[in-house]
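**Q** Chains as they are written, first to last, in my numbering: chain B, 1352 to 1657; chain C, 6 to 271.
Just so you know, the hints here were simulated from the structure itself, not pulled from any lab data. Hints may contain errors.
Stated by the list, open to error - Quick look at which bits of chain C chain B covers, simulated, 3 or more residues with Cβ under 8 Å:
| hint | segment |
| --- | --- |
| 1 | 19-33 |
| 2 | 162-174 |
| 3 | 243-253 |
Quantities reported herein were computed from a predicted structural model and do not represent experimental measurements. The beta-carbon is built from N, C-alpha and C at its ideal position, and this holds for glycine as well.
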Amino acid sequence: MSSASEVADAAERKDVRGRWLLSLPALLIIGIASVFPLLIVLVYSFLKPGSYGDVVWQFSPDAWVGVLFQRDIFDGTLSIADAHLSIFWRSVRLSLMTTVLALILGFPTAYFIATRPERTRAIWLFLITIPFWTNLLIRTFAIQEVIRNEGVVNGLLMKLGVISSPIQMMFTDFAIMIGMVYVYFPLMVLPLYASMEKLDFRLVEAGYDLYATRLKVLWRIIIPMVKPGIIAGSILVFIPSLGAYVTPRVLGGGRNLMLGNLIELQFGQGRNWPLGAALSITLLVIVMAALLIYVRKASNGGAHHG
Amino acid sequence: MDKTFSIQRMPGFATIALFCFALLYLPIATLVVFAFNDGSSIVMWEGLSLRWFRQAWNNSQVIDASIRSLQIASVAAVLATIAATMAAIATTRTRSYRGLTFKYAFINQPLMVPEIVTAVALLVLFSRIKVMTGYSGLGYLILAHTAFCIPFAYLPIRARLESMDLSLERAAADLYATPWKTFRRITLPLLWPGILAGFMLAFVISLDDVVITEFVKSAGQDTLPTYMLGQLRRVVTPEMNAISTVFLLISVAIVTLFFLISRRKV
Chain B
1352 MSSASEVADA AERKDVRGRW LLSLPALLII GIASVFPLLI VLVYSFLKPG
1402 SYGDVVWQFS PDAWVGVLFQ RDIFDGTLSI ADAHLSIFWR SVRLSLMTTV
1452 LALILGFPTA YFIATRPERT RAIWLFLITI PFWTNLLIRT FAIQEVIRNE
1502 GVVNGLLMKL GVISSPIQMM FTDFAIMIGM VYVYFPLMVL PLYASMEKLD
1552 FRLVEAGYDL YATRLKVLWR IIIPMVKPGI IAGSILVFIP SLGAYVTPRV
1602 LGGGRNLMLG NLIELQFGQG RNWPLGAALS ITLLVIVMAA LLIYVRKASN
1652 GGAHHG
Chain C
6 MDKTFSIQRM PGFATIALFC FALLYLPIAT LVVFAFNDGS SIVMWEGLSL
56 RWFRQAWNNS QVIDASIRSL QIASVAAVLA TIAATMAAIA TTRTRSYRGL
106 TFKYAFINQP LMVPEIVTAV ALLVLFSRIK VMTGYSGLGY LILAHTAFCI
156 PFAYLPIRAR LESMDLSLER AAADLYATPW KTFRRITLPL LWPGILAGFM
206 LAFVISLDDV VITEFVKSAG QDTLPTYMLG QLRRVVTPEM NAISTVFLLI
256 SVAIVTLFFL ISRRKV
């Protein structure tokens, strides 16, 4: 005889089975076209490069050694791969600078939106969101038109007589940074806004009642309260900056590579797929680490303030 | 003091914010304005004309790429929305069960991996399959796009489902409606705005993609963004501005529609 609880158990098992069946198409598609390819890349990073791209099915740790070191072609001694290190360093440095600049500009912008009256707030928010959903390539192209030698900024400065010859901005690290701040700016403002919207202004008022200056209120009350938003925004800008491909390719030209371009090079002209695979996994691990911090901090922040 | 003391005001913040809004829109505005330039410069204004729009319209490469973009985006968005709707129904309004967290992680996986990494990974896999099967059609692009569109379609559908309670569906079941009938007559109509929003997000995301498409496409399979990426290396004429303007218009229209739909309450 089956008891009521057994019947309920059977019903629940059937429900869970149905739910697995329903999620199968999504899991399959993502499995085939996103998860499985990554596993192949992981395997490829331990193989030998073929002479015309692709791989030779032979185990070799060379690709991983090659991420940081280079082998001397004559005596086989290892030395630090300066070319790779400088690209790593440029990627990290540019991503950090992008994050900081986006934060400096994004904080007041988010604060401004959060302190608007309810009715106009939605419009300002919409204005921030629109560029985020428009094509990244078009936005990069738009920035290119502004900073080119024949572009808007140089044209204006020359017409005003401030400079006599154009300032070279394209194909520099500066151009890449400006471009990344421009395209990832909404990713900084949106989480900042989300935490500022909930800001309890009675605490700010209390601060002023106790004779705090504006700067002190900002530093001691507002910033600590919106810290989860600051962390979230910073990580959301840092991650895509680190893996950026289009912006450095268009604005940096061929010389100022970032990690994404170095990876592409290994699958194109470089013809060293295992090295490209090892670099891809390296980038993936850094991004995952940043995401982990994000998840941790986000849940901590929620516990403290929510 | 002539003004009342506002506790919300921070000196300089409004100025910086308005400055940022201006910086955000000025480059796009410049781009759009010069699409209507009569001359071939993208910075020197030489009078109003539609010649670059005409030239883009008569450029068979642009038209081909646009049609291909729309084809891929439509098919991928439909497939992604169907898969995401099913997955959303399977992962909401339930007690936690074994594998639920795994499903969340799996569905959101494409969002967590840098695009360039997914792109080279797909290049590696698909180039092998292309050699093995000899097939090099649009299927690869559609599959790749469907995969990274699923998490975007999933978000608004799941949000909508979570705001719907089960009482109507339970009532239908009490009145002997079959599960399918309950879904068709109760769940689907209530969920529809979420599904529509999810579809539009997926469509825009697919339409905008450059990196994955650039690595997955076979020869002669340029979409509009990859065509534009190729053109940016050469001397750029206002034809690019004209193409961008039309593209922007379509994106903004879809996103505005999305906002209007998703703001409607249950």
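**Q** Do at least three Cβ atoms from the segment 19-33 of chain C come closer than 8 Å to Cβ atoms of chain B?
**A** Per the Cβ count (12), the hint holds.
**Q** Within the assertion that chain B covers the segment 243-253 of chain C, do at least three residues meet a Cβ-to-Cβ distance smaller than 8 Å?
**A** holds (count 4)
**Q** Quick check: the segment 162-174 of chain C, covered by chain B? Criterion 3+ residues, Cβ under 8 Å.
**A** This one is violated; 0 residues, fewer than the three required, reach chain B with a Cβ under 8 Å.
Comparing the model with each numbered hint stated earlier shows that hint 2 is the single one that does not hold.
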